[in-house]
Every structure is written in structure tokens, then in C-alpha cells.
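Asks: Those sequence lines, one after another, are chains A and S.
The first sequence begins at 1175 in my numbering and counts up by one.
The second sequence begins at 434 in my numbering and counts up by one.
Simulated from the structure, these hints should not be mistaken for lab results.
Don't be surprised by glycine CBs; every beta carbon is placed ideally from N, CA and C.
A couple of the hints might just be wrong.
Claimed, not checked - Here are the in silico distance ranges between beta carbons for each label pair:
no., chain 1, residue 1, chain 2, residue 2, range
1, S, Asn484, A, Leu1182, 30 to 36 Å
2, S, Ala435, A, Asn1196, 26 to 32 Å
3, S, Ser442, A, His1246, 33 to 39 Å
4, S, Leu501, A, Pro1286, 42 to 48 Å
5, A, Asp1191, S, Leu459, 35 to 41 Å
6, A, Gly1215, S, Ser487, 28 to 34 Å
7, A, Gln1188, S, Ser448, 45 to 51 Å
8, A, Leu1182, S, Ser438, 22 to 28 Å
9, A, Lys1230, S, Val550, 48 to 54 Å
10, S, Glu496, A, Leu1182, 24 to 30 Å
11, S, Leu507, A, Gln1250, 34 to 40 Å
Said to hold, decoys possible - Only pairs whose alpha carbons sit at most 20 Å apart, straight line, appear in this in silico SDA-like list of lysine to any residue:
no., chain 1, residue 1, chain 2, residue 2
12, A, Lys1216, S, Arg443
13, A, Lys1230, S, Glu538
14, S, Lys474, A, Asp1258
15, S, Lys474, A, Ser1214
16, A, Lys1216, S, Asp521
17, S, Lys474, A, Asn1196
18, A, Lys1216, S, Gln543
19, A, Lys1216, S, Thr548
20, S, Lys453, S, Thr513
21, A, Lys1245, A, Ala1198
22, S, Lys474, A, Ser1283
23, S, Lys497, S, Ser448
24, S, Lys499, S, Thr511
25, S, Lys474, A, Leu1182
26, A, Lys1216, S, Ser442
What follows is each chain in one-letter form.
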Amino acid sequence: GESVGLHLPTLSVQEGDNSIINCAYSNSASDYFIWYKQESGKGPQFIIDIRSNMDKRQGQRVTVLLNKTVKHLSLQIAATQPGDSAVYFCAENRGYGQNFVFGPGTRLSVLP
Amino acid sequence: GAVVSQHPSRVICKSGTSVKIECRSLDFQATTMFWYRQFPKQSLMLMATSNEGSKATYEQGVEKDKFLINHASLTLSTLTVTSAHPEDSSFYICSARARQGWDTEAFFGQGTRLTVV
Chain A
1175 GESVGLHLPT LSVQEGDNSI INCAYSNSAS DYFIWYKQES GKGPQFIIDI
1225 RSNMDKRQGQ RVTVLLNKTV KHLSLQIAAT QPGDSAVYFC AENRGYGQNF
1275 VFGPGTRLSV LP
Chain S
434 GAVVSQHPSR VICKSGTSVK IECRSLDFQA TTMFWYRQFP KQSLMLMATS
484 NEGSKATYEQ GVEKDKFLIN HASLTLSTLT VTSAHPEDSS FYICSARARQ
534 GWDTEAFFGQ GTRLTVV
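Go ahead and model the full structure; you've got the sequences and the hints to work with.
Replies: Printed below as a string of C-alpha cells:
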């Protein structure tokens, strides 16, 4: 498959702090990106998306930043809460009708 | 958001038997459905792309005769793992897109934990 299977890096943050999760994508032709959150034993849940004609998009407590020059995507979570503990995946869409390709994921652990 | 229902959520089967997993889009018509496999502590790996009414497109290294995909309607796709072996034990996840387009998100099912004993 296209996705890369790697052991998950982990980010630990203190409850109430801000979290920044990074993702490098591979294809400069990718034009649509999504951040997903996956809790243990469940399917991925949509968090926020961004199109390639934007460099920033904000949601409730979350912000996604896109840097097309270096093919980098980040997810910022404000005031991280225990319920934010999960694995976070970025996904890139490589064009019309194409599937999403997932990054390796980052495990976010929120410390009390 | 839209709802994708996957069934069963967990299944245990004996080696050599076949298992069918269903993926339904409950409140939208899915022109395209995707099947992923996820091993512990790893990312989602695309197995195949399924378009309604046509044959699925399999990723390199995925055996089409072993992982049978049927996308018979705009709301249902099935994945059948034939002659399952312990190495097929994994978390299988389907996703669906409501329409073709570069800016439509994919909605995911809850996943199916397959254990082959």
C-alpha cells in the first residue's frame, strides 16, 4: 500500500498546555488535507481539513497550518484536555477521485 | 458528519474459514469506498478502492483473490477475507466519500477487529 507503516512517535503534554503535532507529506501534487483522530479500537474521526489554496484554518480549539513550500502540515490543539489523548493522523489527497494517503501518526498523551 | 457503519466490530474465526465485513453509508450515497488495514501501532494502509458497480482496484501486494471486495450498491461495500490465516489478524477499516472531488472528506467506519485462531 501507499501508506507507510512505522512505529508511532509519542507527544506528551501537560493538561491545559497547547499541543502541536507535525506531519510531512510526500506529494507536492496533493491538494487537500485532513487531520484525523483515532481512539483505541475505533475508526478515525475527522477533526479539520484544509485545501491547498489556504495556509491556515481554525476550528474549535484546533488550528491546521499548511506550508506547501516544505510540504509540512501541523495541527495545533489549544488547552489540551485528557479527552484529546489519541493517535492523530494527517491524510493527503492526491487529486480527483484518489484515495487519502495517511501519515504514520502521532500518539498524543495528556498528562494530568 | 455523515455516518459509516461497519459490521461486525469484532470477529474471531478459525484458520481456513472466510469472514465477511460490511461497510454501509447510512445517510449518503458513497460513490467510492476504501478498505484499509491497520496493524498495532501503525498507520492505515490502503488495501483497495471500490467504486460502485465496478471492480475494485487493489494496491500492490494485496491479493485480490484473498480479499474479495463487492460494492454492489451506493450504500454497501463488503470485504471478504477468504481462507483466513493468523497473519490476516488485523484491524480492518472502511471509509466512504460522498462524491468524487478533491475536497470531500472521507468518513470512516468503526473498524473490525479480526482475530484468526
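Asks: If a hint holds in the structure, say so; if it does not, say that too.
Replies: Hint by hint, here is what the structure shows:
1. Asn484/S - Leu1182/A: 30 to 36 Å: Taking Cβ atoms as reference, Asn484/S and Leu1182/A lie about 31 Å apart, which means the hint holds.
2. Ala435/S - Asn1196/A: 26 to 32 Å: Holds - the Cβ-Cβ distance for Ala435/S and Asn1196/A, about 28 Å, lies within 26 to 32 Å.
3. Ser442/S - His1246/A: 33 to 39 Å: holds, 35 Å
4. Leu501/S - Pro1286/A: 42 to 48 Å: At 47 Å between Cβs, range holds.
5. Asp1191/A - Leu459/S: 35 to 41 Å: holds, 37 Å
6. Gly1215/A - Ser487/S: 28 to 34 Å: holds, 32 Å
7. Gln1188/A - Ser448/S: 45 to 51 Å: holds, 46 Å
8. Leu1182/A - Ser438/S: 22 to 28 Å: Given about 27 Å between the Cβ atoms, the range holds.
9. Lys1230/A - Val550/S: 48 to 54 Å: holds, 49 Å
10. Glu496/S - Leu1182/A: 24 to 30 Å: Cβ of Glu496/S to Cβ of Leu1182/A: about 27 Å, so the range 24 to 30 Å holds.
11. Leu507/S - Gln1250/A: 34 to 40 Å: holds, 37 Å
12. Lys1216/A - Arg443/S: The given pair, whose Cα atoms are some 11 Å apart, holds under the 20 Å limit.
13. Lys1230/A - Glu538/S: Holds: Lys1230/A and Glu538/S sit about 17 Å apart, inside 20 Å.
14. Lys474/S - Asp1258/A: It holds: about 18 Å lies between the C-alpha atoms, which stays within 20 Å.
15. Lys474/S - Ser1214/A: holds, 10 Å
16. Lys1216/A - Asp521/S: holds, 18 Å
17. Lys474/S - Asn1196/A: holds, 17 Å
18. Lys1216/A - Gln543/S: holds, 5 Å
19. Lys1216/A - Thr548/S: With a Cα-Cα distance of about 16 Å, the restraint between Lys1216/A and Thr548/S holds, given a limit of 20 Å.
20. Lys453/S - Thr513/S: Satisfied, since the Cα-Cα distance of roughly 4 Å is no more than 20 Å.
21. Lys1245/A - Ala1198/A: Holds, at about 6 Å.
22. Lys474/S - Ser1283/A: Holds. Lys474/S to Ser1283/A sits at ~14 Å (cutoff 20 Å).
23. Lys497/S - Ser448/S: Holds, at about 19 Å.
24. Lys499/S - Thr511/S: holds, 13 Å
25. Lys474/S - Leu1182/A: holds, 6 Å
26. Lys1216/A - Ser442/S: holds, 9 Å
Of the numbered hints stated above, none is contradicted by the structure.
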